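Asks: Single-letter residue listing:
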Amino acid sequence: MNNTSVKKRSFIFLAIGWVLLLIGDRVDELVLSQGALVATYALAIASIILLTGYSGQLSLGHGALMAVGAYVAALTTNNLGLPPVIALVLATFTAGIFGLVLGFSVARLSGPYLAGTTLALAVSLPTIANQFEILGGEQGVAFDIGLPPARFGEDFSLYKWFFWICALAALIMIWFISNILASRYGRTFRALRDNPVAASLAGINTGRVKVLAFALSSGVAGLAGGLLVMLISGVSPSAFPLSLSFLLLTGAVVTGVYNLKGVMLGGLILVAIPEIAESVVSRIGGSEGFTVALPGFLVSALLILAVVFTPNGPGHLLHKRKH
Amino acid sequence: MNQFITAVLTSLSSGAIYALMSISLVLVWRSTRVVNFAQAGQAVFTTFIGYEVTIRTGSYWVGLFVAVICGGLVGAIIDRFFMRPIFKRVKSGPIVMIAPVVATLGLLGLIQSVIGFIWGFNYVSIEAPVSTQGYKLFGTVVAFSPFNLMVLIVVTIAMLLLTLLFQKTNIGLALRASAFSPEIARLSGIKVDAVRTLGWAIAGAAGGLAGMLYVPGSYLHPNAMDVLLIFGFIAAVIGGLDSLFGAVAGAMVLGFAINFAASYVSYKLVFTTAFALLIIVLLVKPNGLFSSSKGRKD
Amino acid sequence: MIRNTRMKRLSIVSALVAAGSMLVSSVPALAADPGVTATEIKLGITSPKTGTVALSYGKLPRAMKAYFDYINDNGGVYGRKIKLISRDDKYLPQLAATQTRNLVLSDKVFAIVGALGTATHSKAYVAAQLAKNNVPDLFVNTGFSGFDDKAKYPTTFLVLPSYAMEAKIIAKLIADTPTMKPMPSFLIAQDDEFGKDGVKGFALAGHKFTSNPTLYPQGSLTAALAESLLSGVNAAVPAAAKPVMVLMGTTDSTALILKAAEKLSLTSRFTWIAGSVGGDANTLLALGVKPATIEGAYAASFFPDAKDSTDAYVSQFMKINEKYNKGDSFDNVVLQGMNSAMLTVQSLRAAGKNLTRAGLIKAIESKGAGFASAGLAPLNYSATSRVGYNGYWFGQLNAKGELKPVGGKVTLYTTDSTSTAAPVLSSFTRKPLPKNGIPTNQ
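Residue numbers (this note's numbering), protein chains in the order written: chain A, -11 to 311; chain B, -1 to 296; chain C, 156 to 597.
Next up, chain A with everything else stripped away, as it sits in the complex:
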């Protein structure tokens, strides 16, 4: 990794941040709150891409890893009175450590075995919250970070504050990931993904690399989980249904599973599709069954179209066109 590329990358991220800041001042509350969700989804998608696209491990249970971060963020804020930013950092690290442990236990698994294990994790982990009083059961735990700091002024709204936090967290984290991927570790990840046998012949400790990727991905997912429950003001088991894990996988595939650059687009699509479906439904009407099922239909259709037509992501398609 040379210094110029790091500088260039940092510059690009700063530029994006500046543009987002400008946008944030010029849009209404609705768009700000949607923007915060876009950033959160983008971050969650990045965590899947890091794992699946770059180290070749398929996880169907990222919702569970997000739940770990979410509970840590909420509990440390409520019980230890930590400032939300510290709580989110803690959420990231705790989820990362959780991922490390999990990664060690599943390092020998591959393909469908790993998929099955992560799927089982996604359905079982949130139900553990029902076992322990401190986790608040089905109702869960509130996560209210309070009003934005007074120094931002009177008309600095909560949604803007959320947007700032989420966008900033996503930018910093994705900047960090893209630096890792450009480094020696990124190259070993890719070697492992493209040809595990050759990688281990070349002296790469595949087990260790897999665990590392799992831990990193898990940490990022934990942060995204913390942000997500900040947006809905509380965490509960039902905030992390299996459908969330699948939705994020959809986002990753639509973005292109080995293309970190498209995550913002992925997040945008996940937020926009239900809105589009709702507006279509409200325009054409139809039976209750139709109106209720249409959003799911559109998301699924998009997923299938993405797999069939741009299996390697829209970026890849553009890339091919240019040749």
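Possibly wrong hints are sitting among the right ones.
Derived CB-CB ranges, DEER-like [as the list claims (entries may be wrong)]:
| no. | chain 1 | residue 1 | chain 2 | residue 2 | range |
| --- | --- | --- | --- | --- | --- |
| 1 | C | A538 | A | G5 | 47 to 53 Å |
| 2 | C | G507 | A | S267 | 31 to 37 Å |
| 3 | C | S537 | A | E142 | 32 to 38 Å |
| 4 | B | R87 | A | L88 | 32 to 38 Å |
| 5 | B | Q131 | C | S521 | 56 to 62 Å |
| 6 | C | A358 | B | F2 | 30 to 36 Å |
| 7 | A | Q119 | C | T365 | 21 to 27 Å |
| 8 | C | S420 | B | E181 | 55 to 61 Å |
| 9 | C | S420 | B | F2 | 17 to 23 Å |
| 10 | B | F2 | A | S270 | 54 to 60 Å |
| 11 | C | N367 | A | S270 | 43 to 49 Å |
| 12 | C | A391 | B | E50 | 24 to 30 Å |
| 13 | C | G507 | A | F140 | 35 to 41 Å |
| 14 | C | A554 | A | S270 | 40 to 46 Å |
Once the Cα atoms are required to be at most 30 Å apart in a straight line, the calculated BS3-like pairs of lysine-lysine come out as [said to hold, decoys possible]:
| no. | chain 1 | residue 1 | chain 2 | residue 2 |
| --- | --- | --- | --- | --- |
| 15 | C | K445 | B | K134 |
| 16 | A | K148 | C | K263 |
| 17 | A | K148 | C | K305 |
| 18 | A | K148 | C | K307 |
| 19 | C | K397 | B | K134 |
| 20 | C | K197 | A | K148 |
Chain B residues, not near chain C, derived (Cβ > 10 Å throughout) [stated by the list, open to error]:
| no. | residue |
| --- | --- |
| 21 | T55 |
| 22 | K89 |
| 23 | L163 |
| 24 | N168 |
| 25 | P180 |
| 26 | K283 |
Since the hints were made in silico from the structure, they are not lab data.
None of the values given here were measured: they were computed from a predicted structure.
Ideal Cβ positions, reconstructed from N, Cα and C, are used throughout, including at glycine.
Assemble the complex: chain A is given as a structure, and chains B and C must be docked to it using the hints.
Replies: Leaving out everything else, chains B and C in the frame of chain A:
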């Protein structure tokens, strides 16, 4: 004692249903190396067809027959007109590993939405063809009814038929050969594509059967079999994904673990037990209990 | 490397363009309160339209809309027509938060009415900043007593009696009925605020169950679990006794437990008490529970029986349902939806022609207790209380699913959610039905 007997019997009857789901997943896995998440949707869809037939003809058995046939047809159609084109398009890169899973997940959503379009989201139930009143054993009624017995018998017959098909017929030989080594099978003149489609069809039929046997004890709605799919998958992974026997054994182990944990420890432990069992099995044998001796790399 | 950078730029630009396309041109409205014009009042509701909860409550928004349509056809409220926007939250907190926020920010509704679900709406309320924007949150469809907290939910008005009240009154029913009092008693409840509020109520009433209440996570009760649960209880209790079995869960779970009892021939082994949520006879029968099973089961209600067409309110609502909501059969949920809609119309009228959010909340606080409603229990709105109905009467279901009052006459008890005070016999008589069911707030 009574609690023990009840736990054993309910484990058996829920294990039998898991077994059908895990078999249908294993059949697809063996023939095309795909974990077919759409199976939950396919099974509900065909069970809805069976439900319509049952209502119109007044006979559960006609409904069951039609559901099994339709399940087979739907499976074959999905393989021929959905999975195969995707495999043709997606050939290289790491996406090959992910694309089928994602495609079947997408298909699951699509099928469930279509079921919602047609039948809505209300719960319906299918009346069982035989009594659901529990048998009397040692003076008390146990949670095992003629219907549960019927489920066990039907599942056993289905297993026997499948075993015969695989062990004693040329089709079975072709199915096993294509699963074991498609290239060699192709060289020896087996129409590998047709055989794969057959694998999907049998799996679809098993799913339809599972639905028709499950719903009389529960309800039918678009998401009715999501949980069964998860348990079926866990059972298949425990059993090693490749082995039909493993699928059944895995399902029974899972059925017993879940029901015993629930009745002796806590009702909240259903999913946690399934996860713990899976992790323990995979830590000891990363390729499941009954997979072929050689570890799978894919 | 060059190509890479270009690619990166390209994708960044495309992402930004996409982001920009979301910038809907909109100027923050500085007018009075959103959602009210000279001709229209926009209201919003979030509720699940799929899944186990939708099974019973899917009809609710449609029933509310039917009543609003009826009022609109009869002149609306001071000339304004009511438009109800209904959004699906699938009983997921994140969707509830997003959809409630969409109602406020995108649909720009004047108020939320009839939002359903405890775990979902309690989060959505904070996430959508209903308090900060002073959005009235009327007649929430949850019996969680925690919503009665003016500091946390300053714009929320409850309508259902709380689960804690229900539990206290069930405890009284058990204590007052000689055939139940000496018997062992058991509670099977949903493991969320529903069940926990119920457990709290029984504790307040000083009722001790024979064994610890069985709490199961919502939606995860299976037939096998229900069977082993009942056979466990059956084995533990001497054959001579007829234990009391209290069920506090959604209708589908109640149905599973009753079906398990059928399978085990235990339907007449227990005295069944189904809570107001799970005791919805129509849905139980539709889910395949045998009529003989529910016959004699105790269930709670604060309304007249939804099948009693001699009741003035019920028969009027039936007529409206027939004309404006043809697809749905009339039951408790439709009755509840129309009644909430009727309360909403009275609230809007009480707030006067110059409709504001603050004015609406004030109007309910000052006049809400006097609204005409189908409920047989009093409404308890005041400057300090956000509690709606606070009582229940008990009846026994017959095979047709009709709820017949115990002792032949409706005996309604009222109570609260927080004290150990025993429920008291209510002498409340409700206001007569406004002419044709169109409130005039007289």
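Asks: Closest CB-CB distance from L163(B) to chain C, is it above 10 Å?
Replies: holds, 30 Å
Asks: Decide, holds or violated, for the assertion that all CB atoms of chain C are farther than 10 Å from the CB of T55(B).
Replies: At about 19 Å from chain C, T55(B) clears the 10 Å cut-off, so the statement holds.
Asks: A cut-off of 10 Å on Cβ-Cβ distance, and P180(B) was said to be off the interface with chain C. Does that hold?
Replies: holds, 37 Å
Asks: Between G507(C) and F140(A), does the beta-carbon spacing fit 35 to 41 Å?
Replies: With Cβ atoms ~38 Å apart, the hint holds.
Asks: Would the non-interface assignment of K89(B) survive a Cβ cutoff of 10 Å against chain C?
Replies: It holds; K89(B) is separated from chain C by about 23 Å at its closest Cβ, greater than 10 Å.
Asks: CB of A358(C) to CB of F2(B), is that within 30 to 36 Å?
Replies: This hint holds: roughly 33 Å between Cβ atoms.
Asks: Do the beta carbons of F2(B) and S270(A) sit within 54 to 60 Å of each other?
Replies: The hint (54 to 60 Å, Cβ to Cβ) holds, given that F2(B) and S270(A) are roughly 56 Å apart.
Asks: Just checking, N168(B) versus chain C, shortest CB gap more than 10 Å?
Replies: N168(B) clear of chain C: closest Cβ-Cβ about 40 Å, beyond 10 Å.
Asks: Take the C-beta atom of N367(C) and the C-beta atom of S270(A), compute their distance, and say whether it sits inside 43 to 49 Å.
Replies: holds, 48 Å
Asks: Per the hint of 55 to 61 Å, is the separation of the Cβ atoms of S420(C) and E181(B) within bounds?
Replies: holds, 59 Å
Asks: Quick check: does the Cβ-Cβ distance between A554(C) and S270(A) fall within 40 to 46 Å?
Replies: holds, 43 Å
Asks: Do the Cβ positions of R87(B) and L88(A) conform to the proposed distance bound of 32 to 38 Å?
Replies: holds, 37 Å
Violation of the numbered hints given earlier is confined to hint 12; every other hint is satisfied by the structure.
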